[in-house]
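> Okay, here's what each chain looks like letter by letter:
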Amino acid sequence: MKIRIKFSKHGCMKFIGHLDIMRYFQKANIRAGIDIAYSEGFNPHQVMSFAAPLGVGITSDGEYMDIRVNSTRSTADSIKALNDVMVDGMEILEYKKLPDDSKKSMSVVALADYYMYPKDEDEMFTDITVLSNKIAKFMAQPTILVTKKTKKSEKEVDLKPHIHAFNVDFYNSRQEECLNQCAYFLSVTTGSEVNIRPELVVSAFYDFCNAEFKEEAFQIHRQEVYALENDKYIPLGSMGENIEAAE
Amino acid sequence: MRKLALSDDILLKVDKPARYIGNEVNSVKKNPADVDIRFCMCFPDVYEIGMSHLGIQILYDMFNKRPDVYCERVYSPWPDLSVIMKEKKIPLFALETQDPIRDFDFLGITIQYEMCYTNIIQVLDLSGIPLLATERTEEDPLVIGGGPCTYNPEPIADFFDLFYIGEGEVVYDDLFDLYKECKKNGLSRHEILVKMAALPGIYVPQLYDVTYNEDGTIASFTPNVEGIPSRIEKAIVMDTSKIGYPAHPVVPFIKATQDRVVLEIQRGCIRGCRFCQAGMLYRPTRPRDVNELKAMADEMLKSTGYDEISLSSLSSSDYPDLKELIEFLIENYEKKGVNISLPSLRIDAFSLDIMSKVQDIRKSSLTFAPEAGSQRMRNVINKGLTEENILEGAGMAFEGGWQKVKLYFMLGLPTETEEDIKGIPELAEKIARRYYEIPKDQRNGKCNITISTSFFVPKPFTPFQWVPMCTREQFLERAKLVNDTVKEQLNKKSMKYNWHHADVTILEGILARGDRKIAKALLRAYELGCVFDAWDEYFDVEKWNRAFRDTGIDEDFYTVRPREKDEIFPWDFLDCGVSREFLYREYERAQQETVTPNCRMACSGCGALKYKGGVCVENKN
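Protein chains in written order, with my numbering: chain L, 1 to 247; chain X, 1 to 621.
Among the clues, some could well be false.
[What the hints assert, rightly or not] Here are a few chain L residues that face chain X, going by a calculated C-beta distance under 10 Å:
id : residue
1  : K14
2  : N43
3  : H45
4  : M48
5  : V87
6  : G89
7  : L93
Hints are computed from structural coordinates only; laboratory data are not their basis.
The beta-carbon is built from N, C-alpha and C at its ideal position, and this holds for glycine as well.
So that you can see chain X by itself, here it is in the shape it has in the complex (with noise of 0.2 Å):
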């Protein structure tokens, strides 16, 4: 029988002990002794959270796959573990063979949101290996961060010996070979991290040099050793038969976030939202074949168990064949019992009519994302929903018997007005006025509508990397027009609104758009004691405050500093498919409050058309 890393003692008194023994249903079991590599896959959050990540579903499924590879898995130890793990001085241990990730021979950390590095600096100290790449030994996992805040891998360099930039299906395996290559060869640790900055995707910090200029801004990166590419560019998957999909994928004892099988049914998004981060990193959209998407979805219900299905993309509506991939689910699954949860698809009478079929219309709520409350505004972000598409949508909701609506908006969207932050609860209201409109007899009581704004952080490789964000008192402002402005509506009772804490946001913006020098105050703010900000019950501004004021960082330079056109940019030397000039176009285009036409209707010429694929070549033999 398997020995835990944790004892009873421990397992029995900290929340959730199937956090930290492993052994779920398809989870992977091999004997370490009959494979060359050794590989750790961690997501630096809650395993609830993390279990939930397709991603690592991805990674863990292909990895395994290779008989000289085991791949196991890591988690946050929520913080009643932590304490005990350091005052016991336990190191960090993986979940299946409950061995310390410092035995591995690779630490993988997916990086999905700014607010986990304090995270990722805890699994480094919880598993003994030093912060810094640069005061690791010999003995050390090579630690290799990835997901999209690699984008921008700057303000966390320090804590990386590599990152992988792009799709994981691509690199990985000669990666692996490159490794065991080196290995065999005895190669020194700085030998094989220099013969892994050739390959392509590979960033290897250490091994670039950055110098500035006297207000701070970067005057050059440089590569300090010959042979590895000044440029990196993304990897990615354009045979999408190719995208990987977890077969039998890791199914927890409790509850995860998500708890249900996820079918990815495309890559990449046509929309070109310009404050989106993902729609400009993935491009371009890549729709899987829907065939090869019904036959997975069996299999992954068959191999799991799952009584619930959902799609996953940036935009299920703009996938070709939602319909027929949809009413297959439902003709197969719906009778066994099986939940299907659909993505929030644009509102139209196609997704009602599938709505209604799969759910209970009076507790469900309909949701849209303009996004910005006047038209204005949406221009500029280049959100193509206009105000008739909701009042249309909600309409025929109403009449088929929903009364749930959900909102979601952001404020300090650039160029932002009174009006426009205005426009948001004028929008909810004719909403509502749309509402009561139907008959008293025909309707069912009240309307329910919940307005949520979250804060504007302006992103890496997005049209709005430019700008400045707001302040946070700016934030708060915009946040009090719009809770005034709903308090003097006529429908307020039918309406409730949410808004967001500034301080994470503006951490938030600090860390997206930071550079190395980040790096300290992040090791400071550890030391501070910060841990899950991603948690509101953890986040601690003032202990952030310090930690910027105590290594002399300047929070306004990476927030609120109008950046010029040609600046060099922390994260200039990545190639992410989507050019410089496209985004500055995009960016000209948004001050001008002009709409770009999507993928499909038209090539805006953004560069990754160079990849020959996806939406680029449709019906373009």
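Pulled out of the complex, with its shape left as it was, chain L reads as follows (with noise of 0.2 Å):
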């Protein structure tokens, strides 16, 4: 039976690499008595993959986890079950079970929400009007050129594809650390073959306002993470059903 698990990452945890979060699930599954299934070999793993592997200092409120189990509790059970193990700044949010023909997150993800907020003072931010409009002119470009370097190479892209939305918002995290913080919103392409981080944007709207960016100067926080169905930008949540009774 396959499970998407939706989880946040908040405070500390977000000093926790991708890897190391694996490996904390792993144990936490045990922990909370998840029923998981294992691959089969002689080094037997918990068969488990995510959707979008966050970035280190990027907190998220839009995280995926597909699992497969032998049995279940309900959802609320689960739910319950894990949080009760989890540590502070990681949070169950969904438990649900997938068709059984359903693909793997992985291979799905399309779209990601983020918000993008300034650690300290950030004279953007001084008139939010005015940063509306300038933000208007940046996406009425024809084309946003921006260079995008690899390990390997440098190459041309141009993003204006790929924002489907950049606007100015408020932002208001589930753990108290910041309440109607004047934030970026940026809703961009995500996935295995183009993956546009929202830095990458803020950066060239600042290229283009003559403005200084520091990366340092803002934390990013993943709000949700979509996959593309007949069309539609769904969440991947949406893609599961709620588990009544243990099965």
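Each of the two chains sits in its own frame; use the hints to bring them together as a complex.
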């Protein structure tokens, strides 16, 4: 049986990298008594995969992990069992059963929402109307060309088709890190083929405004991850069903 | 939400920020305002090493069970961070509350190996605690040391307010109660220390004076206040059901060196190898009840979620109920995906059978620790393993499908001859030949024998505490002889030889049997930038040489000098349960190449019988 788990990652947990989060969940599943399935072979491991690895330093309310289980308790009981063994900053939000023929979350990820807010004062945010106008002008360009650097190469990409939304918004975190915090809201293409990091967009925007962009001055927060189904973006979590009773 | 001591900027810049944020599974959260005593436990090495240490987990669990104590943890910041902390004047902090260590009541430091001494100084320095105990004020925490190196605490005595000699389960409760009472009565730091020094197992260095003879050896060692003992006996747990274990060990986010549940099956060792300090310090051998161990294993696996468990002891094969325990673990946890990682067991039919069940034979290797190459040399060091044992074990293993063998030896042992040294590669050659006796169509290609040698360092409280150690050149000549001999052998292509650096060994030798005069060289070395000396990439022998030169320390005095039978050693004021007479008798028997039977075969009168327990009273109601 396939299960999709949605969780949030806050506070100091943002410093724990993707591989260590995987190891963390392997142990958490055991502590919570999840009847997880193991792979075959001499070194069996838990059948587990993540939708889109989150970079170190980023917080999130929209992380997805798929697991395979032999049996399960209800959604409510499973969420409780897992939350009882979580550390501060980690919270299980959803636990849903996926159709047996569903694809791996990793392969269906298409889009993600982010908030990006300044950790300290930022001059750009002094006047929200002015800032919104600047963003509108930025987005009105026919193309938004940036150079994307990877370990091996540099190539020029047009960001425009990959920015599905970019505006100023208020961010409220689940865990009281901030309330009504002025932030950039971005909805950008995500996935294994094209993956646009929000800071790449904001950096291009600062260049456009002739302002200096300092990546370390911002906190990035992922809000939700979507798949594309029948030409509509739907949250990964909505692809599964709640479990009413143990099965 | 908890505020971290380090900014996001710093944490995103340094390697492995998880080392500094705390919040691990099973780490303890308390409100510091609700407790009387704040204790910070330190392992003076990097987080991944420190988190692998069972002793800290035991004490952390034990201290935090007291509602009036909050025990937190700290490890040495890696050099990428310590530079930033110095520059930005960020005081060293505890992982749990992220509060500066200077605000604590106690800083407890576990001292597991000599090469961490400069890290201890760094921890004090980064904390803003005066390095010398005598310079500390009422505002500073009491700095307390524990662990195996406290069996010769003298080289680091100046940096500690007190040492706890022995097993932590015994005296800490009394120590905390006493501290609370003293604080309530408004006693000064000095008064508190004097009171603590009267507790069993507690050593307060500044309350003892040392005088020296003209030749630099110790003339006298005496208390300078009334009411404290002149000889300090180790604390030891004799009721094995009272040996602590962490029911809920702290689980790190990043992979620690020992990333699994550790089950301590017994304390002490019956073997009496003459080079081995642990084998003498932790006498008598005290096996734990197998049913208690089964329950502990279950509890720790459930509370951590680990998928691996390993057994810990000095010599697991000597644990009386080993078979029952391992079979229990395999039966109950193997199916659930839990790996059983075996300690190095004596290779015989039983251990091979078990290993074939829990490991992939093709990938795993067999480990033998003959420690010396010739039978004569093994008799000198009282290592019971014979050539027949090794060849028979290896033979059985080869027939069973293994092809990798690891061999561990020491070079520079007392009385060692060229023949003994050559015996090392020769033994490896015999093992290789045993492998090639298997018909070609039944074996799986080449065998793979790794020979590793370390250089012998004489340690306090061993029969070899009197012996001179080799010089750097002598060590390297010996390693060269092994290497040359390996190359001349028929099966050289099946062998690989590794040896250690000699410079670190010499330093370890100086510190292991050093006295209080060494402290100033340690300080100087730290000033010159020595830290993380246990790490090859940071150990700098030039700086150490300069530190000894600058402080007028004659290295040879501590290493190559022969010691008289009745010389007063820096550690002689400690009583580890084993008598000096026994140690000297063993030293003489070593020179006569006479083997001493293990504790289960016969009592050799080491002195530990006075504790009236463990192996000393086995089968003797």
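> Of the numbered hints stated earlier in the document, which are not met by this structure?
Result: hints 4, 7 break, sorted rising.
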